[in-house]
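Work out the full structure: start from the sequences and follow the hints.
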Amino acid sequence: MDAGFDFSVIWRNITYFFIGRFPHGALGGIALTLYLAVIACVLSFFGGLILGMLNISHNRVVKYVSLAVVNIIRGMPLLMVIFWMYFLLPAFMGKTVSESWTVIMALTLFTSAYMSQIVKAGIDSIPRGQTEAGLSSGLYPWQVMVYIVLPQGLRNMIPSFVNQFVSMIKDTSLAFIVGVSELTHVATQINNRTIIYPTEIFFFIAVIYFIICYAFTSLSRWLERRLAWRR
Amino acid sequence: MSKPIQGFFGYARIEPGELSMITFTEVNKWFKELHVLKDINLHVNQGEVVVVCGPSGSGKSTLIRTINKLEPINSGTLIVDGMDLSDKKADINRLRAEIGMVFQQFNLYPHLSVLKNITLAPIKIRKLSKKDAESDAMALLERVGLTEKRGAYPTQLSGGQQQRVAIARALAMKPRIMLFDEPTSALDPEMIGEVLYVMKDLAQSGMTMMVVTHEMGFASEVSDRVIFMDEGEILEEAHPKDFFKNPKHERAQQFLKEVLSPMH
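Protein chains in written order, with my numbering: chain S, 1 to 231; chain F, 1 to 264.
Please note: incorrect hints may appear among the correct ones.
[What the hints assert, rightly or not] Quick list of in silico lysine-lysine cross-link-like pairs, BS3-like style, CA-CA up to 27 Å:
no. : chain 1 : residue 1 : chain 2 : residue 2
1   : F       : Lys-89    : S       : Lys-63
2   : F       : Lys-127   : F       : Lys-89
3   : F       : Lys-245   : F       : Lys-257
4   : S       : Lys-63    : F       : Lys-32
5   : F       : Lys-248   : F       : Lys-38
6   : F       : Lys-149   : F       : Lys-174
7   : F       : Lys-149   : F       : Lys-131
8   : F       : Lys-149   : F       : Lys-200
9   : S       : Lys-63    : F       : Lys-88
[What the hints assert, rightly or not] From chain S, some residues computed to sit far from chain F (all C-beta separations above 12 Å):
no. : residue
10  : Phe-22
11  : Pro-23
12  : Ala-31
13  : Asn-55
14  : Tyr-64
15  : Ile-72
16  : Ile-73
17  : Arg-128
18  : Tyr-147
19  : Ile-177
20  : Thr-199
21  : Phe-210
22  : Ile-212
[Said to hold, decoys possible] To list a few chain F residues with every Cβ distance to chain S over 10 Å, as calculated:
no. : residue
23  : Glu-33
24  : Pro-55
25  : Ser-56
26  : Lys-130
27  : Lys-248
28  : Lys-257
29  : Ser-261
Calculated from the structure, these hints are not laboratory results. Think of the CB as a built atom: it goes at the ideal place given N, C-alpha and C, for glycine as much as any other residue.
Next up, the structure:
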């Protein structure tokens, strides 16, 4: 048996790795992974923000219902959430939902639950005096939140957000379970077809995941520096 | 009432008049089991400067924080600028816009420049244009001697400068009442004077002020009345001359002795 590695399998399938069957078929591979990640990232940013604010609502019903939602989701494996979405979403919507959107919704719901706790902690980290100063000048509570507390809190939240998003980028790989042809799924297909290059293929996608996550971390570190106000 | 003279802050100078600004009637407040305000009766007229003093934990900060409802009261009535604070339907935001507050820890917004700190509420609440709000803010900064700091961020300023900006920020809403919650307690000694100077000029311009402070010099020189509190009660209410020369209550005598000569 040949002990050497043959990475030519990667080059022979490079477009399939990057864009799947596109443009002759559905988008796949790395492009689809990024597509899932970016959309779920944006949606769960707002989802987390909304859930986090509901968590600290003065209305007890709103507060405890939203806390229950957060705790239920955090108590479930992501794979479970994806299955739930896969079977329940069509029933709720009354029509079929594409696998990609099923996964996006599952990732959004799952990540929002975690993000909400970051938002909550970020808001709590702003001294009470900031809110009091805003309120005493006649600003409405929502204005105090939007103009005073959140701008300061969000900066404190950036590192935790980045952690959450990086782990979400990696979680997109679970989409293969419902047949979404993102990077991991494409790799499995190629591996099944070529049979003898699993090491090369899975080493390659590991490197790709690392590059995506590292690029994202670097970008956010740059953003953090840009946003840092003089301390 | 004497003839109005243009005051330092551009307000018409008004002698303490009969127009009632703050009225506490049998006000009580509890923090859980702790009875922090006990049957408070107090009346402050327009243009009056009232200093509230007393040992720590006596309820003096809580007292002035009830005036803009940062602390709600549990019983009694509290009428501020004609508005009954015990009325659930009272538009508390409208009232707060008329009451400036200055805090011990300054509480400037660290993510905003000095100018933006001052113009935020006037733009959002008074609906001033950015240009008008900024020219008002510059005038106030000139009064407190900090025009060159307009673009600075709060953390680039000394404590005394921050507190003067905080006073300018409160005044930008053109309030009818100013509340000061230990405004000099967090300052280094050499910066206390610059803040008291600004407060003194404000007092002389006819602003209605309630000041929680341990600065007995300010109390005796500037205030119209001194209130001494201990354990949630108002124990003494007197003209500063009488209070300092001849405090009636034993605990007030003890307190003055400790504040005026800590080493005895």
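Quick rundown of the hints versus the structure:
1. Simply put, Lys-89/F and Lys-63/S have alpha-carbon atoms about 24 Å apart, close enough for the 27 Å limit, and the pair holds.
2. The hinted pair formed by Lys-127/F and Lys-89/F meets the criterion: a straight-line CA distance of about 23 Å does not exceed 27 Å.
3. Restraint check: the Cα-Cα separation between Lys-245/F and Lys-257/F comes to about 12 Å, which is no more than 27 Å; the hinted pair holds.
4. Note on Lys-63/S and Lys-32/F: the hinted pairing holds, with a Cα-Cα distance of about 22 Å set against a maximum of 27 Å.
5. A hinted pair counts as satisfied when its Cα atoms are at most 27 Å apart, and Lys-248/F with Lys-38/F qualifies at roughly 20 Å.
6. A C-alpha spacing of about 21 Å is found between Lys-149/F and Lys-174/F, which places the hinted pair at or below 27 Å, so the restraint holds.
7. For a cut-off of 27 Å, the pair hint linking Lys-149/F to Lys-131/F stands: about 18 Å separates their Cα positions.
8. Our distance criterion of 27 Å between C-alpha atoms is met by Lys-149/F and Lys-200/F, whose separation comes to about 22 Å.
9. Of the supplied pair hints, the one linking Lys-63/S and Lys-88/F holds, its CA atoms being roughly 23 Å apart against a limit of 27 Å.
10. For Phe-22/S, the condition that its CB be more than 12 Å from all CB atoms of chain F holds, with the nearest at approximately 43 Å.
11. For Pro-23/S, the shortest C-beta to C-beta distance to chain F comes to about 46 Å, beyond the 12 Å cut-off, and the non-interface label holds.
12. Even its closest Cβ contact with chain F, about 37 Å, leaves Ala-31/S beyond 12 Å, as expected for a residue assigned away from the interface.
13. The beta carbon of Asn-55/S sits about 23 Å from the closest Cβ of chain F, which is more than 12 Å, so the claim that it is off the interface holds.
14. Non-interface status of Tyr-64/S relative to chain F is upheld: no Cβ of that chain comes within 12 Å, the nearest being about 22 Å off.
15. The non-interface label for Ile-72/S is consistent with chain F: the shortest C-beta to C-beta separation is roughly 32 Å, beyond 12 Å.
16. Remark: the non-interface label on Ile-73/S is consistent with the geometry, its nearest Cβ contact in chain F lying 32 Å away (cut-off 12 Å).
17. Consistency note on Arg-128/S: stated as away from chain F, yet its beta-carbon is not over 12 Å from all of that chain's, at 9 Å minimum.
18. At roughly 6 Å from the closest C-beta of chain F, the C-beta of Tyr-147/S falls inside 12 Å, breaking its exclusion from the interface.
19. For Ile-177/S, the shortest C-beta to C-beta distance to chain F comes to about 43 Å, beyond the 12 Å cut-off, and the non-interface label holds.
20. Every C-beta of chain F lies more than 12 Å from that of Thr-199/S, the closest at about 50 Å, which supports listing it as non-interface.
21. Look at Phe-210/S: its CB is around 34 Å from the nearest CB on chain F, clear of 12 Å, so calling it non-interface holds up.
22. With a minimum CB-CB distance of about 31 Å to chain F, Ile-212/S clears the 12 Å threshold, and the non-interface call stands.
23. Distance check on Glu-33/F: its Cβ is at least 22 Å (rounded) from any Cβ of chain S, clearing the 10 Å threshold; non-interface status holds.
24. Every C-beta of chain S lies more than 10 Å from that of Pro-55/F, the closest at about 23 Å, which supports listing it as non-interface.
25. Listed as a non-interface residue, Ser-56/F keeps its Cβ farther than 10 Å from every Cβ of chain S; the least gap is roughly 18 Å.
26. Every C-beta of chain S lies more than 10 Å from that of Lys-130/F, the closest at about 14 Å, which supports listing it as non-interface.
27. No Cβ of chain S comes within 10 Å of the Cβ of Lys-248/F; the nearest lies about 34 Å off, and the non-interface call holds.
28. At roughly 32 Å, the least C-beta separation between Lys-257/F and chain S is larger than 10 Å, which holds for a residue marked as non-interface.
29. The beta carbon of Ser-261/F sits about 32 Å from the closest Cβ of chain S, which is more than 10 Å, so the claim that it is off the interface holds.
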